[in-house]
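Colleague: Spelled out, the chains give:
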Amino acid sequence: GESVGLHLPTLSVQEGDNSIINCAYSNSASDYFIWYKQESGKGPQFIIDIRSNMDKRQGQRVTVLLNKTVKHLSLQIAATQPGDSAVYFCAEKEDNDMRFGAGTRLTVKP
Amino acid sequence: DAGVIQSPRHEVTEMGQEVTLRCKPISGHNSLFWYRQTMMRGLELLIYFNNNVPIDDSGMPEDRFSAKMPNASFSTLKIQPSEPRDSAVYFCASSPGRRLRWSGNTIYFGEGSWLTVV
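Sequence lines, in order, name chains A and B. Counting from 1, one number per residue, gives the positions in the first sequence under our numbering. Counting from 1, one number per residue, gives the positions in the second sequence under our numbering.
Please note that the accuracy of each hint is not assured.
To be verified - DEER-style ranges, computed between Cβ atoms:
id	chain 1	residue 1	chain 2	residue 2	range
1	A	Gly83	B	Ala2	19 to 25 Å
2	A	Val70	B	Met40	27 to 33 Å
3	B	Asp63	A	Ala78	23 to 29 Å
4	B	Glu14	A	Asn53	49 to 55 Å
I should point out that these hints are in silico values taken from the structure, not numbers from a laboratory. Model, not experiment: these values are computed from the prediction. Where is the CB? At the ideal position from N, CA and C, for every residue including glycine.
Please work from the sequences and hints to get the whole structure.
Modeller: This is the structure:
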């Protein structure tokens, strides 16, 4: 069946460096994608989204890139800070169905 | 603005007991979702409501689980009887839009109810 998955389960970066978190999806009919951040003991928090008719969207220190050709989604975090340490989930939506990936744990080293 | 409010935040109960989890969605949101999160299975959608009506409950694991939404500002998820394998974090989430035309509408999560069944 189709699924949402992540290339890397863990990512460790130095404070101040840029982080890139990747996500692969297999449902070509998905029309909307979201990145969530989940800190320890908290619920997932919306970071940024992108529709399938776009290939890039920027927020504050974050950029989401969508490559529909290879069904790949990435989240770029500029100047990573200790507060960015969390688990990051990608989610994809097709019609009425939203599915979440397994998550990538980002650890920021001081 | 208050976010999605869930209670209890933590619950430890014995196998066989009834568990009731509560949720207050964000005011004005039309859709409400219950998710379960475990290490093994990640985030799983259990059920979602639109305008207080259950639309899709295909994710509810079995008859021991039931959910209600008596009004626009309150929902419950009940497990009876509870089992150790039900131990998980249960998230309630809400969304401003109708799920059928959901383009661009994201969902906002509560802080979760951490359930341990011993």
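Colleague: Each hint needs a verdict: does it hold in this structure or not?
Modeller: Okay, the hints, checked on the actual structure:
Between Gly83(A) and Ala2(B) the C-beta distance comes to about 23 Å, which sits within the given range of 19 to 25 Å. Here the CB-CB span from Val70(A) to Met40(B) is close to 28 Å, well matched to the stated 27 to 33 Å. Separated by about 49 Å at the C-beta atoms, Asp63(B) and Ala78(A) break the suggested range of 23 to 29 Å. The hinted window of 49 to 55 Å between Glu14(B) and Asn53(A) holds, with their beta carbons roughly 52 Å apart.
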